[in-house]
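*Asks:* What follows is each chain in one-letter form.
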Amino acid sequence: MTLSESVGVVDEANLHAASGYPDIRLNGMELAIYTPNSIYRYNVEGAVLSSLELKNNNKRFHRFPVLISSLIMGLLIYVTPGVAADMDIHIALLSMEEEKHIPLSLLVPTIDDTGQMGAEQAISDNNTTGQFTGQSFTLTMKKVKPDTSLAEVFIELHEQGIRLFLANLPAAKLIELADLPQAKESLLFNIAAMDDDLRTQHCRPNLLHTIPSRAMLADALAQYLTWKRWKEWFLVVGRHPRDKAYAKALKRAAKRFGHKIVEEKAWTFVPGARRTDSGHTREQQEVNAFTQVGDYDILIVADEVDEFGEFLSYRSYLPRPVGGTHGLSPAAWSGVHEQWGATQFQRRFHEQNGRWMTDRDYAAWLAVRSIGEAATRTSSDQAGRLKGFIMSEDFNLAAFKGRPVTYRDWNGQLRQPLLVTSPRLMISVSPQKGFLHQHSTLDTLGYDRAESSCKQQQPR
Amino acid sequence: MLAIASRRCFGIRLTLIALLFSFAMLASETVQAYTVYVSSEKDNTISVIDGESLKVLEKVSVGERPRGIALSKDGKILYICTSDADHIEVLDLETLKVTHILPSGPDPELLVLGPNGKYLYAANEDDNMVTVVDVEKRQKVTEIQVGVEPEGMGISPDGKWLVNTSETTNMAHFINLETLKVEDNVLVDQRPRVAQFTNDGKQVWVSSEIGGTVSVIDSSSRKIIKKLRFEIPGIHKEAIQPVGIKISKDGSKAFIALGPAARVAVVDIAKLEVEKYLLVGQRVWNLDFSPDEKRIFTTNGVSNDVSVIDVERLKVKKSIQVGRLPWGVVVRP
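Protein chains in written order, with this note's numbering: chain A, 1 to 460; chain B, 1 to 333.
By construction, these hints were calculated from the structure, which means they are not laboratory data.
Just to be clear, a hint being listed does not mean it is correct.
Pairs of lysine-lysine residues, derived as DSSO-like cross-links and limited to a Cα-Cα distance of at most 27 angstroms, are as follows [to be verified]:
1. Lys160/B - Lys253/B
2. Lys223/B - Lys249/B
3. Lys118/B - Lys140/B
4. Lys237/B - Lys276/B
5. Lys160/B - Lys237/B
6. Lys433/A - Lys249/B
7. Lys237/B - Lys455/A
8. Lys143/A - Lys100/A
9. Lys253/B - Lys433/A
The shape of chain A in the complex, shown without the other chains:
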């Protein structure tokens, strides 16, 4: 791209910016243009990497004279060393519009782009590497309405030549896509569905999981509670199938690690408005009455839908801690994590997006970085070759967890350490010391090879 062409790109961006001057930033070999309503990202060739509509954005806009920015862009292209991008690797992220979720706490932001921002960060990381290896990565976002056919969208992307997909979808939709004839030569990364069935029965050769399963999360918590010797649990389960699935994983973990569920109750109150004035008086009464059971060490709550779990801490009849989906929670990622170089990673994300990374963002980052790592090492963009490398002994990925993360060859699940967090600090990281395994201690979390009927798959 020449200087005059780069001016062209900026001019084009200026056209996009219907009101006000755009804010132009250089990020590696990328040019990002922030306008009051959108973010546009271009690679050095002037190709659009992604565009994003912003809602309620509170980014500050510096008013850069466009010409100066163009000059910087031009200079960058002449000064920056490296190879011209000669391999474009396209990745698509598929998601469905979901009902807006209002958190119970005012402190927790409402997030409607979970997953996507993690993928964007990994694209940017991959492209920084790509400037030295001659590879460039682009992300296509498709968010469909619940009544639109996902298969059609998938086939359309397939026809455009895309073979690498991230799926931010529920399990049933995910399997539907993985079973399409067009998906046969594609590679799909599950960044959202935590269903254990996907790891024990319904495995697919073209499907990998970067989001942990519920069993992995429950085992991570149970191992920590073993270390604490908090062995008697009071289990409280929400009314949704997801809550029940989480409770099932907890029961399995309790059995595995020698805990006892001494009380179990279902929370059946139908929630009204998420937040009301004087709401606390009612919650104080409700929880106090609901938790009048025999003695236990810890109240474990299964409320994935986030309807009531937040109400339990400090309100239980007995003075006991709360864990599970709320309180002491197992997670793949959390804003409280700053070990093993995560600080810089967190800062990068927060600066860009004004919020902390979620589990799905992290799962999306892992998926795109897995693709990037495989593409760098194999110099290939073919889904089959990339998968071959990802599943091989040579693959390992640094993921800010203090040890390499890899994929389980029997079910395509990414094995990783999991965090045990409180709302404001990290409490511990599982696997806990002393939980041993003949292959990898990370396989003490979730369904092990012998417990899964999936016997993968591709040659290793």
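Given chain A, work out where chain B should sit, using these hints.
*Replies:* Same frame as chain A, but now just chain B:
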């Protein structure tokens, strides 16, 4: 009787020899007085250790989260990356006072001084840059764009090349210090942390913390000639995480800190093989030689101490308690 007497004589003789030997050891050690400086990222201090008595003389308070440290060429000044303060602090080693600060770009982690001591090169983890700072003018000269999360910095003995590693891009970037341009990139294993040239400048050694390897790169062809791997019985390979590297002046041995494995690997450079593992404290990250290279000092982050290794006998001699989470170490003659 005779036998017992002679055995006793032999015993006395042995004691005498041992005594003489230890006097000789003391004498030889007092010849070269030196001081060891250790940064503690949790305590925000620099511990000053006397090389002779191996005692902590003082703990100097500095800015938030001191990590990488480097000595000026005349040995009068210590440059400290105070990462959370987003700058470099300059500590006068006579007065032990911070005299001024240098700009560094955000979150400086590691720094290295150029061959004539005029320029300082700092890795900024937050914005994918290597910052060049003029230490006399106290100004940022320029920034060089590198990979994601730059960290390790190694300067060739002739001062012509800077090798920077980037932790998420997994590369060693060869930067020409005359043109300040990246001229070559060598792909190494996951999360490269430290780059260190051999004294003859012919090789660069790059440690990959998560990959668990050290890549030995030929400086002229920029090809990896050997990937060193480590195996310690009873320790899972994922816990073997190489970080700090020090290479002896005569080019015979390299010492590699292996992080959570709590070991330092001793590598025979001619054979490019590990010859021994030495047990030190937990999360051992960085190390430095004494001026006579008879000892090596390691920082053990989790056990909050410094291990002192006898280089000739390859034995760990002593452990010195320092401030919490020791990170960087340098020795001043």
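*Asks:* Does each hint fit the structure? Answer for all of them.
*Replies:* A quick look at each hint next to the structure:
Distance check on the hinted pair: Lys160/B and Lys253/B sit about 24 angstroms apart at the alpha-carbon level, within 27 angstroms; holds. For a cut-off of 27 angstroms, the pair hint linking Lys223/B to Lys249/B stands: about 23 angstroms separates their Cα positions. Annotation: proposed proximity of Lys118/B to Lys140/B holds, straight-line Cα distance about 12 angstroms (limit 27 angstroms). Proposed proximity of Lys237/B and Lys276/B is supported: the alpha carbons are some 17 angstroms apart, at most 27 angstroms.
For the suggested pair Lys160/B and Lys237/B, the alpha carbons sit about 36 angstroms apart, so the restraint of at most 27 angstroms is broken. With a C-alpha separation of about 40 angstroms, the suggested pair Lys433/A and Lys249/B falls outside the 27 angstroms cut-off, and the hint is violated. Pair hint Lys237/B plus Lys455/A holds up; C-alpha atoms about 26 angstroms apart against a cutoff of 27 angstroms. Between Lys143/A and Lys100/A the alpha-carbon distance is near 14 angstroms, which keeps this suggested pair within the 27 angstroms criterion.
At roughly 34 angstroms between alpha-carbon atoms, Lys253/B and Lys433/A are farther apart than 27 angstroms, so this suggested pair is violated.
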